[in-house]
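Model the full assembly from the supplied sequences, consistent with the hints where possible.
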Amino acid sequence: MNAIERNTNFTRFTAGPVRYFKFLGILLQQPEMPHSKYQRLLTVVTIALMFLHQIGYILEPGRTFAEQSAAAGLLNYTTVSGGKILFLVYNRRLLLSNHCQLAALYPSAAVERHYKLEHYLRIYAHVQTLLYNFFKYILIVYITYPIVQSFYDLWSSGVYSYIMPTLFWYPVPLEQSLFVYIVYLLFACFCSFCAGLIILSADLCLFSSVSQLMLHLDLLAQRIKELQPAEEGSLSALKAIIEYHQKILTIAKDVNSIFAPSILFSLASSSFILCFSAYQLLDDVSFIFALKVFLLLGYEMKQVVITCYYGDKLMDSSANLFTAVYAHNWTDGSPVYKRLVLFMLVRTYRPIALKVAGISDVSLITLKQVLSTAYQIFTVLKTT
132 MNAIERNTNF TRFTAGPVRY FKFLGILLQQ PEMPHSKYQR LLTVVTIALM FLHQIGYILE
192 PGRTFAEQSA AAGLLNYTTV SGGKILFLVY NRRLLLSNHC QLAALYPSAA VERHYKLEHY
252 LRIYAHVQTL LYNFFKYILI VYITYPIVQS FYDLWSSGVY SYIMPTLFWY PVPLEQSLFV
312 YIVYLLFACF CSFCAGLIIL SADLCLFSSV SQLMLHLDLL AQRIKELQPA EEGSLSALKA
372 IIEYHQKILT IAKDVNSIFA PSILFSLASS SFILCFSAYQ LLDDVSFIFA LKVFLLLGYE
432 MKQVVITCYY GDKLMDSSAN LFTAVYAHNW TDGSPVYKRL VLFMLVRTYR PIALKVAGIS
492 DVSLITLKQV LSTAYQIFTV LKTT
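Quick note: the sequence shown uses this note's numbering, first residue 132, plus one each step.
Keep in mind the hints are simulated off the structure, nothing from the lab. Any given hint could be a false lead.
In silico lysine-lysine, DSS-like type, Cα no more than 27 Å apart, as pairs [as the list claims (entries may be wrong)]:
1. Lys433 with Lys486
2. Lys499 with Lys423
3. Lys469 with Lys423
4. Lys384 with Lys370
5. Lys384 with Lys486
6. Lys370 with Lys247
7. Lys444 with Lys378
8. Lys444 with Lys247
9. Lys469 with Lys486
10. Lys486 with Lys499
11. Lys384 with Lys153
12. Lys168 with Lys153
13. Lys356 with Lys469
14. Lys444 with Lys423
15. Lys444 with Lys433
16. Lys378 with Lys499
17. Lys499 with Lys433
18. Lys469 with Lys370
19. Lys384 with Lys356
20. Lys423 with Lys433
21. Lys267 with Lys433
22. Lys384 with Lys444
23. Lys356 with Lys247
24. Lys423 with Lys267
25. Lys378 with Lys247
26. Lys384 with Lys433
27. Lys267 with Lys153
28. Lys378 with Lys486
29. Lys267 with Lys356
Just the calculated beta-carbon pair ranges, DEER-fashion [as the list claims (entries may be wrong)]:
30. Pro466 with Thr260: 50 to 56 Å
31. Gln377 with Asp463: 54 to 60 Å
32. Asp463 with Thr139: 37 to 43 Å
Don't be surprised by glycine CBs; every beta carbon is placed ideally from N, CA and C.
Here it is as structure tokens:
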């Protein structure tokens, strides 16, 4: 079986992140193209300018609290994308190394079929489709709504309203220059696209990596259950499993090193984005505006829910491996075999988990904490 056939499903796992990262200037294959560093620079500068323009809008004199709250929600979104891209650029070599390790370790198609591991790819494919569709429709709504609304105002009242896709501070009033309006409109659209693509690509890469870790842990658990410790060759098979497990531990450590800052930005900002978005619905708003807010709420909720779901499932898969090691008939093995089993029990006792800043494990309990914090902030805003 050739390498292309062996890695077909691995390619399906990684095709989305590889394609999106390439646009941002982060390549998951060697050699790096000369123009990639300019793409990375353009992406970082774009997000930085977006951040500064949103800060300027909030600090501009005369803004109401409602306007500042709406801008703060979008600013949190920009902060998340900015934090993600900075740490991804910083860890791009480790990201490439991790990608290559996962590719080398991915099982053959025959092994996948034999151990019934295809469902990990199916679940990930559904998640990828969901995230991509959210990204696509939110981008369409947020970019086209201001333009359509401005033309509708022109048709109904004779005055073009110059509504923009995001809340920016503008050094020159948009009404004074058509050229400035078009430039800032294109700039706002490009900023929104870049911010959304950064979050999409980072999340997909994380979920793809975690899905593959779960696949490998499941494969190891099934292979351990097949061991017959009393038979000849079981000792060498156990040694191979321990070596395999060590590779998984190394990859899991790298995944946490790469994505821990990204997870921290996502979870820390989610509470603010959720409450600021919900706060906007307290006013008398149009149907289209409410639709925009609900889309953003849904987008943020799915990001938190899926991240916590994968964190919880990764811990379950790791715990299942410990159970498999303990439950198989290892007492029938030789003294050397028993020592190796005890060694592996120690290694698998502490489950592999996604970490928030290297401290707290990500699980469904984390989801409860995020929603609780969002509600508390929302209550405070409602009373102001």
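Query raised in the report: Taking only the CA atoms, is the gap from Lys444 to Lys433 under or equal to 27 Å?
Result: Holds. Lys444 to Lys433 sits at ~16 Å (cutoff 27 Å).
- Query: Is 50 to 56 Å right for how far apart the beta carbons of Pro466 and Thr260 are?
  - Reply: About 52 Å separates the Cβ atoms of Pro466 and Thr260, which means 50 to 56 Å holds.
Satisfaction of hint between Lys247 and Lys370, Cα-Cα up to 27 Å: The given pair, whose Cα atoms are some 23 Å apart, holds under the 27 Å limit.
Next on the checklist: Against the 27 Å threshold, does the CA-CA distance of Lys444 and Lys423 hold or violate the hint?
Outcome noted: Given that 27 Å is the threshold and the Cα spacing comes to 31 Å, the pair is violated.
| message | Does Lys247 sit within 27 Å of Lys444, going by the straight-line distance between their CA atoms? | response | holds (17 Å)
Given the hinted pair Lys356 and Lys247, is their alpha-carbon gap at most 27 Å?
holds (15 Å)
Please verify whether Lys384 and Lys444 have alpha carbons no more than 27 Å apart.
holds (17 Å)
**Holds or violated: Lys267 to Lys153, with C-alpha atoms at most 27 Å apart** = holds (18 Å)
Would you check the hint for Lys267 and Lys356, treating anything up to 27 Å between C-alpha atoms as holding?
-> violated (44 Å)
ask   = Do the alpha carbons of Lys499 and Lys423 lie within 27 Å of each other, as the hint requires?
value = Since the Cα atoms of Lys499 and Lys423 sit roughly 25 Å apart, the hinted pair holds (cutoff 27 Å).
Report task. Would you check the hint for Lys384 and Lys153, treating anything up to 27 Å between C-alpha atoms as holding? Result -> holds (24 Å)
Self-check item: Holds or violated: Lys433 to Lys486, with C-alpha atoms at most 27 Å apart
Solution: Distance of about 19 Å is within 27 Å: holds.
The structure fails hints 3, 9, 14, 16, 29 and 31 (numbered hints given earlier, in ascending order).
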